[in-house]
Amino acid sequence: MSDPTPTPTPEPTPAATTTRTRGQINKAWLAEFTLDEKLLALTQKPENAPLFADGDIDDAFLAGFDTDIQAAKLLASTAVQKTTGKKQQTGTEDVLAGELVKQIQGVQKRAKQKYAGTSPVLLKDYAVGVNYQNSRDVLEQTGTNIYAKLSGDDKTPADVLPGVKAARITNFKAALDAYTQSNPDQSGAQGDATGIRAQLEAAVAALAVKRRQIQYAADDLWPHTDKKNAAIRKEYGLPKNKALK
Numbered sequence: 001m002s003d004p005t006p007t008p009t010p011e012p013t014p015a016a017t018t019t020r021t022r023g024q025i026n027k028a029w030l031a032e033f034t035l036d037e038k039l040l041a042l043t044q045k046p047e048n049a050p051l052f053a054d055g056d057i058d059d060a061f062l063a064g065f066d067t068d069i070q071a072a073k074l075l076a077s078t079a080v081q082k083t084t085g086k087k088q089q090t091g092t093e094d095v096l097a098g099e100l101v102k103q104i105q106g107v108q109k110r111a112k113q114k115y116a117g118t119s120p121v122l123l124k125d126y127a128v129g130v131n132y133q134n135s136r137d138v139l140e141q142t143g144t145n146i147y148a149k150l151s152g153d154d155k156t157p158a159d160v161l162p163g164v165k166a167a168r169i170t171n172f173k174a175a176l177d178a179y180t181q182s183n184p185d186q187s188g189a190q191g192d193a194t195g196i197r198a199q200l201e202a203a204v205a206a207l208a209v210k211r212r213q214i215q216y217a218a219d220d221l222w223p224h225t226d227k228k229n230a231a232i233r234k235e236y237g238l239p240k241n242k243a244l245k
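Number 219 in the numbering used here belongs to position 219 of the sequence shown; there are no gaps in the numbering.
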């Protein structure tokens, strides 16, 4: 009797891929806040505070350090809100651009209906065959040109396209205006977020300076040459076997 056909070994299930997302605030800045608050609490302990006060890391210094930490954390919160606002504004702008493109494309189809078989050169007035979506400026100008063609002025009569009546022209203008007016809002949101982050970067740098003042004092109070200081040096984030550079 022949052996039964062996059951094939199942293919291993691939591990789930973890999508990595970029944090809204620099991780190094968050780590600085955590370390600063840890060292502040450690230095304020009754057994440590007098030792530091003797070296000018006194109550006033620590109170100022605490104030600076809280101010920087508030800036971080504001930066997140501003960045979120900027992203929301960008999403709104994309929606408005899509609506304007939709309006342009509809008018282009009616222009083709009128001119493709008789006067194709006039299709240029409607940006047919033109890549008008490659930049905001070009899209705005294209919309403006087409609206001018449809509405006319004192010198040039409006071009009447089949199916493009007054209500549709009004909708076209509304889409153009909404998109055009979204630009200053986006620039403002971008500027606000960038400005807050610049302030936050400076605040974190200032915190690091004060934090290292505490660490240098701790380095002197508990030198690395005494092995009994290993635990307290670790708490202060100091090297175990050498002085802080």
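Worth double-checking, as some hints may not be accurate.
[Unchecked claim] Cβ pair distances, simulated, as ranges:
#1 ALA202 <-> LYS38: 47 to 57 Å
#2 ALA166 <-> ALA28: 50 to 60 Å
#3 PRO50 <-> LYS245: 21 to 31 Å
Keep in mind that the hints were calculated from the coordinates and are not lab data.
Keep in mind it's a predicted model, so treat the numbers as computed, not measured.
We put the beta carbon where it would ideally sit given N, CA and C, even for glycine.
Outcome of the hint check:
For ALA202 and LYS38, the Cβ-Cβ distance of about 22 Å falls outside the hinted range of 47 to 57 Å, so the restraint is violated. For the pair ALA166 and ALA28, the supplied restraint of 50 to 60 Å holds, since their beta-carbon distance comes to about 59 Å. As the Cβ distance of PRO50 to LYS245 is approximately 27 Å, the hint placing it in 21 to 31 Å holds.
The structure fails to meet hint 1 from the earlier list, while all remaining hints are met.
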